[in-house]
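Asks: Sequence:
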Amino acid sequence: MEFNKVLQERHSVRNFESQHISEDKMRRILEAARLAPSWTNEQCWRFVVVEDSEIRGRIVNAVPDSNPAKNALKEAPVIVVLCADPDKSGDVAMKEYYMVDAGIAMEHLVLAAVNEGLGTCWVGVFDEDEIREILDIPRRYRVVAMTPIGYPGKHSDSRERKPLTDIAYENTWENPVRYLH
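Quick note: the sequence shown uses my numbering, first residue 104, plus one each step.
These are computed hints drawn from the structure, not numbers from a lab.
Be aware that a few hints might be false.
Stated by the list, open to error - For lysine-lysine, the following DSSO-like pairs were computed, each having C-alpha atoms within a straight-line distance of at most 27 angstroms:
#1 Lys173 to Lys257
#2 Lys128 to Lys177
#3 Lys257 to Lys128
Please model the complete structure; the sequences and the hints are all you need to start from.
Replies: The structure is reproduced here in structure tokens:
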């Protein structure tokens, strides 16, 4: 798929078909995440790919009922859990860059999934300690996010995006970018 088309097609999918995802597709998706840039190329992230239905069910139970992505996790044939080692990334001026590094890698994964005709949904609200226990994740790693991956089910409309003139400024805050008008 052409890159701009991938960007335009990406949206949070919360309904999935139960169709199996091929190993080749999953390999390409994980490879895209592996290629993401990171602080001094430390590559602090790790991905746990969960296909086992019992383990996926336990993960779903670690997500609060109030989280609208819970159903997506129930339906998708794969859940990818993103972890990161804070000690393998920068920490400057009290900003922990492992979250940035992990986020870049996850978005590479998400865009690669869209390119493969699959849907995803960022999930950031869950019981981190419970997820860590379910998946035997070492204590030094933070569980940053997770995403269901699968073939999209019934279509959900994307929310309208704000216009560029509302989000991009030139040189100073709220100074309109001259070429956006």
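Asks: All the hints need checking, so say for each whether the structure fits it.
Replies: Here's how the hints hold up against the structure:
no. : hint             : in the structure
1   : Lys173 to Lys257 : holds (16 angstroms)
2   : Lys128 to Lys177 : holds (21 angstroms)
3   : Lys257 to Lys128 : holds (22 angstroms)
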